[in-house]
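Peer 1: If you want the building blocks of each chain, they are given just below.
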Amino acid sequence: MKAFRMHTGLVAPLDRANVDTDQIIPKEFLKRIERTGFGEFLFYDWRRRPDRTLDPDFVLNQPRYQGASILLTDRNFGCGSSREHAPWALDDFGFRAIIAPSFADIFANNCVKNGLLTVVLPEAQVATIMKRSQEVEGYRATVDLEQRQVRDDFGLTASFEIDDFSRRCLLEGLDDIGLTLQHEAEIAAYEARRFGAR
Amino acid sequence: MALELQKPLQERAPSPASPRTLFEKIWQEHVVCEPPGQPPLLYVDLHLVHEVTSPQAFDGLRAAGRRVRQPQRTLVTVDHNVPTTPGHLPITDPIAARQMEALRRNCQEFGLTLYDIDSPDQGIVHVIGPELGATQPGLTIVCGDSHTSTHGAFGALAFGIGTSEVEHVLATQCLPQQKPRTMEIRINGSLPEGVSAKDLVLGIIGTIGTDGATGHVVEYTGEAVRGLSMEGRMTVCNMSIEAGARAGMVAPDEVTFNHLRGRRFAPKDAAWDEAVARWRGLKSDAAARYDKVVEIDAASLAPFVTWGTNPGMVVPVTGRVPDPATARSAAERGAAERALEYMALAPGTAIEEINVDRVFIGSCTNSRLEDLRAAARVARGHKVNPKVRALVVPGSQAVKRDAEREGLDQIFRAAGFEWRDSGCSMCLGMNPDVLQPGERCASTSNRNFEGRQGRGGRTHLVSPMMAAAAAIEGHFTDIRRWRFQ
Numbered sequence: 000m001k002a003f004r005m006h007t008g009l010v011a012p013l014d015r016a017n018v019d020t021d022q023i024i025p026k027e028f029l030k031r032i033e034r035t036g037f038g039e040f041l042f043y044d045w046r047r048r049p050d051r052t053l054d055p056d057f058v059l060n061q062p063r064y065q066g067a068s069i070l071l072t073d074r075n076f077g078c079g080s081s082r083e084h085a086p087w088a089l090d091d092f093g094f095r096a097i098i099a100p101s102f103a104d105i106f107a108n109n110c111v112k113n114g115l116l117t118v119v120l121p122e123a124q125v126a127t128i129m130k131r132s133q134e135v136e137g138y139r140a141t142v143d144l145e146q147r148q149v150r151d152d153f154g155l156t157a158s159f160e161i162d163d164f165s166r167r168c169l170l171e172g173l174d175d176i177g178l179t180l181q182h183e184a185e186i187a188a189y190e191a192r193r194f195g196a197r
Numbered sequence: 000m001a002l003e004l005q006k007p008l009q010e011r012a013p014s015p016a017s018p019r020t021l022f023e024k025i026w027q028e029h030v031v032c033e034p035p036g037q038p039p040l041l042y043v044d045l046h047l048v049h050e051v052t053s054p055q056a057f058d059g060l061r062a063a064g065r066r067v068r069q070p071q072r073t074l075v076t077v078d079h080n081v082p083t084t085p086g087h088l089p090i091t092d093p094i095a096a097r098q099m100e101a102l103r104r105n106c107q108e109f110g111l112t113l114y115d116i117d118s119p120d121q122g123i124v125h126v127i128g129p130e131l132g133a134t135q136p137g138l139t140i141v142c143g144d145s146h147t148s149t150h151g152a153f154g155a156l157a158f159g160i161g162t163s164e165v166e167h168v169l170a171t172q173c174l175p176q177q178k179p180r181t182m183e184i185r186i187n188g189s190l191p192e193g194v195s196a197k198d199l200v201l202g203i204i205g206t207i208g209t210d211g212a213t214g215h216v217v218e219y220t221g222e223a224v225r226g227l228s229m230e231g232r233m234t235v236c237n238m239s240i241e242a243g244a245r246a247g248m249v250a251p252d253e254v255t256f257n258h259l260r261g262r263r264f265a266p267k268d269a270a271w272d273e274a275v276a277r278w279r280g281l282k283s284d285a286a287a288r289y290d291k292v293v294e295i296d297a298a299s300l301a302p303f304v305t306w307g308t309n310p311g312m313v314v315p316v317t318g319r320v321p322d323p324a325t326a327r328s329a330a331e332r333g334a335a336e337r338a339l340e341y342m343a344l345a346p347g348t349a350i351e352e353i354n355v356d357r358v359f360i361g362s363c364t365n366s367r368l369e370d371l372r373a374a375a376r377v378a379r380g381h382k383v384n385p386k387v388r389a390l391v392v393p394g395s396q397a398v399k400r401d402a403e404r405e406g407l408d409q410i411f412r413a414a415g416f417e418w419r420d421s422g423c424s425m426c427l428g429m430n431p432d433v434l435q436p437g438e439r440c441a442s443t444s445n446r447n448f449e450g451r452q453g454r455g456g457r458t459h460l461v462s463p464m465m466a467a468a469a470a471i472e473g474h475f476t477d478i479r480r481w482r483f484q
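Top to bottom, those sequences are chains D and Y. According to numbering that gives the first Met the number 0, the first sequence is numbered sequentially starting from 0. According to numbering that gives the first Met the number 0, the second sequence is numbered sequentially starting from 0.
By construction, these hints were calculated from the structure, which means they are not laboratory data. Each residue gets a CB set at the ideal place from its N, CA and C atoms; glycine is no exception. The reader is advised that the hints may include incorrect statements.
[To be verified] Far from chain Y, by Cβ distances over 10 Å, these chain D residues were calculated:
| hint | residue |
| --- | --- |
| 1 | Thr7 |
| 2 | Leu53 |
| 3 | Gln65 |
| 4 | Asp90 |
| 5 | Phe92 |
| 6 | Arg95 |
| 7 | Arg150 |
[Stated by the list, open to error] Facing chain Y, from chain D, some residues (calculated, C-beta under 8 Å):
| hint | residue |
| --- | --- |
| 8 | Phe42 |
| 9 | Ser80 |
| 10 | Glu83 |
| 11 | Ala103 |
| 12 | Asn109 |
[What the hints assert, rightly or not] Footprint (simulated), chain Y over chain D, 3 or more residues, beta carbon under 8 Å:
| hint | segment |
| --- | --- |
| 13 | 30 to 40 |
| 14 | 138 to 148 |
| 15 | 154 to 168 |
| 16 | 184 to 195 |
Chain Y on its own, in the form it takes in the complex (with noise of 0.2 Å):
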């Protein structure tokens, strides 16, 4: 597959007198046409196809008889239904089989690479996109899934689609797009020991809400997320969408570049250096405007864990479920009564005390290989506790080749965890991996709906490292004061 994603613009735009931000610069890039009475259509560098989202986009290219227009600039995998066990097989599941086929038959049909079950290549689309070196800065870059928002680590702009959209882009390779409004959310000063990026985003959700950022692109910017490995940027922009942005984003720089260099679709050699030197520009001019500005003071943040049903309600690791009569209103009473009851947790329980029967560490948010190292090396001397069933699964089978190089696996499974393929797994549960109704779950994925990891399932958002400590505690514990070994 020869994706062709990165050349610049042969006729430079001269340049504006206003100071625009990162995401105004790749907006006008890729405004294609402002017809009049209609919104600007922006082109689309990437689009990422999933076996979920696309089988009814596919069908309606067929009875438009329409063809996918840049076949190159799509990258197709399965990840949401696949089965975790060796080698992603048996298939048990029937309808999931039959939507796996439908991909294969669509790329067949309609001239699209697709990274199946059996590839090297295949994971999480989010995982293998920035893996492969597709992700680059300055791209727009869209899937039917809302955790595109991932790929705005690398300073694109990217963000989640419905499926007619994934039909529009297939046929268009453009969208029609209001604009959004931009946001500038501050990280300054860094992040105290044990606290991650996990950690961060969700300390950002907990203070502006799940709806705090709607309608908005966010940027972050600061001493703290300038200190973040690009695998920690992912976890910040993938979370995005639950804070209702439309992208999160951060601008390129040395670890971008250094992450990115030598990668499968990155540019190489002379046109490498080419690239760099535009990405260089890539950055908010100095007296750019947001049209919202949020500050945080990373020396407040802790490991966090959601007590609720929504990413929102979230509190430190030393804290305790928040009582309902403190809400500041009615609704959120309301609302915070009835996650009560759905989780089966008392107010002003300490949040150490809670227990869980079984542990997540996947999903887009936390499966990179920076995920696996940080919690295998708490897990590494330990035991999973008798009354905890452990997950660990790899967001794609490169970072399970990885992390098995470095020997993680071993101590995953020596400690008692079970070592999976990759896949989206039990982060929504589509394929087996799924909670008994009650059953109460630590997971390093980005939601804690109500049933979203299985009916009646408990789930509580935490960082990898929080992860494996409450699998080998059986409870949730202070991560800053384990005893590593």
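If we strip away everything but chain D, and leave its shape as in the complex, we get (with noise of 0.2 Å):
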């Protein structure tokens, strides 16, 4: 998995609540096989124009908002569907994080697996980093893993929790089905206990 310590860059608002799994990625592109190539499905629906052409008007399409790896958004995003295509297509695109009061909790661990590091932050500070992404062209925040805060250029110093062990694994970029097989011993021993010896 990809390690995540620090990151800065550009901040795109998509200012909207309950943003569930199948805007951000939609089912018709759920049948690759592979776990790349997903970006360009990103909010497919919303990006894109029945006929396909990319409709101007949506934040992502915006021109001062090209190349934006830090996403902003609203409370309950990535509710609905566990589909891992999601972070997959998120991070596919660019974004190495997202900010927003709350998450859906299979998204977020989808993100963790990923090295998406999904930032929770107190609502009004959201709606403070939201104004200013839409007011200031160009507006940059740095999200640092290791000091959990999120800072900008403005004065901002937001403090965010996350459980040490998801830190770790993004601070690390750890393989946490190898940190599981570490415990053979013991999941053999539990297997023995509870069905008997096999």
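Mind assembling these two chains? They're in different frames, but the hints should get you there.
Peer 2: Rendered as structure tokens:
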């Protein structure tokens, strides 16, 4: 897994609550059997009109947000389907971190597994960053996982919480299957205790 | 296939001093170890696998040279992509065909039994698990699908996972898991006539919101929940995820045991008696505390219809499309305005005046025999409105056979419904069953998200009876006034 320590980048504001994974990556793109190449389908039905041309009004299509690597959005982001294609698409599109007041559980888990950091900040701080990202052209922020902080050049220093294990996995880019396999003896002992000798 | 699921812990833990919830009992029994600085490792008893969220997981195993640790605890089928035309054929989508073929190859390579499209046991993974008796009280069950919460209806701890976690479970039969919080949703009183399990869960989501249970495992309790059949409990637990819950559960009781007895993978003979004795202990202790409690009066519930683009946007069928101007916050007002624009609905419109183009009866929420019986009871002796195209998709081939044995297919066909083979179908439209842009659908599925059933399609979630009645009337109608024939 890709490590995440600190990232500074352009912030794109997606000012909507309850963005579900069907919007992040519509079902017609879930039939691919690879992990890569999902970026062009990110927010497909919002980015593209029915005739498949880009909708210039959608935030990610606006010139000023091209190259954005931090997505800022409203509460309950990533609700609905468990499809990991959603973080794959966000990652492939170029996002490294997502900031919101809350995330759906499965989506947040899936992000950690892909080195994509989900940052939970209080609504007031999200609103502040939202305003700046809409008003200040080229607005950038820094997401610092070591310090557990989001900072900008306008005096913002916002602390966030993240469980120690997820933080460590992200900082070190750990393969957590490998970590679990280090406990092979305990797993085998559990199975023997519960199911008898095999 | 020999699923080995239900062997008891041979060394029983001494009974703990503090009272525990149903969730805590199952959780504790499945903690393999608690490595310092890491979340507890939770053992997974049953892993359900389907074609859409697994190919990349198998690729990961191959790349790392890992095997599937417990093939006999892994149950695999195809459901999301399969056509529902007779024999599930032809598969006209080459990319879907490639994904199903990949699953076949993976099952062969890793030694897994696959219930393929030609299997008499094929069906939606959340329908066949319980049907085969693989879903049992006290188990931990995961699947790369958010509606895995369905299986909690049996008093199992069942939750959806992503593809990386699918790979993790395939390789280790364990998952590192942070312990979720607990929430009790108690439904007092009994459900009024015409109010189904679907209406109950839509009412719950309408009350607590689509993130009302985020971070929590919900246990449904109370008289109304005890009064539900297993199918009804599955419908309620199925949609727990639509309230953000990690899982939904109902403590097992006689209804559970009677439903499970005799199924293929259920314990037999002395093992059955022993299992039931153990399962009787799977309930929250009287003094157990939940992190959060919500109480709902069953008498306050009605047949519901969603009006917007998430399952929390719901009103009784006798109600009207709400006016965004009355929303509690600017954010909610914006969301409601956007939803109404997408749904092409004006505030104040009576729900019963909304016409539908399509009706879908199916999905892991409402495609079991009881659901089809309820819909057929409404359809009997009536005709589908000529402006409506209506589809009935049984949840599994076994449900289909059982329904045909009872003549339900004849009732549906005579009324003008299409009768299909099993699969996820129009719940998410990964197969050819999709809405066209602008089409409005009364659907027994679980998500009314934008584009869920087809780009530009407009979904209204309802119960099977309400869907059947909408097919016949051509618009939503209050099932409590239905002319049953």
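Peer 1: Any hints from earlier that this structure breaks? Give me their numbers in increasing order, please.
Peer 2: Hints 8 and 14 not satisfied by this model.
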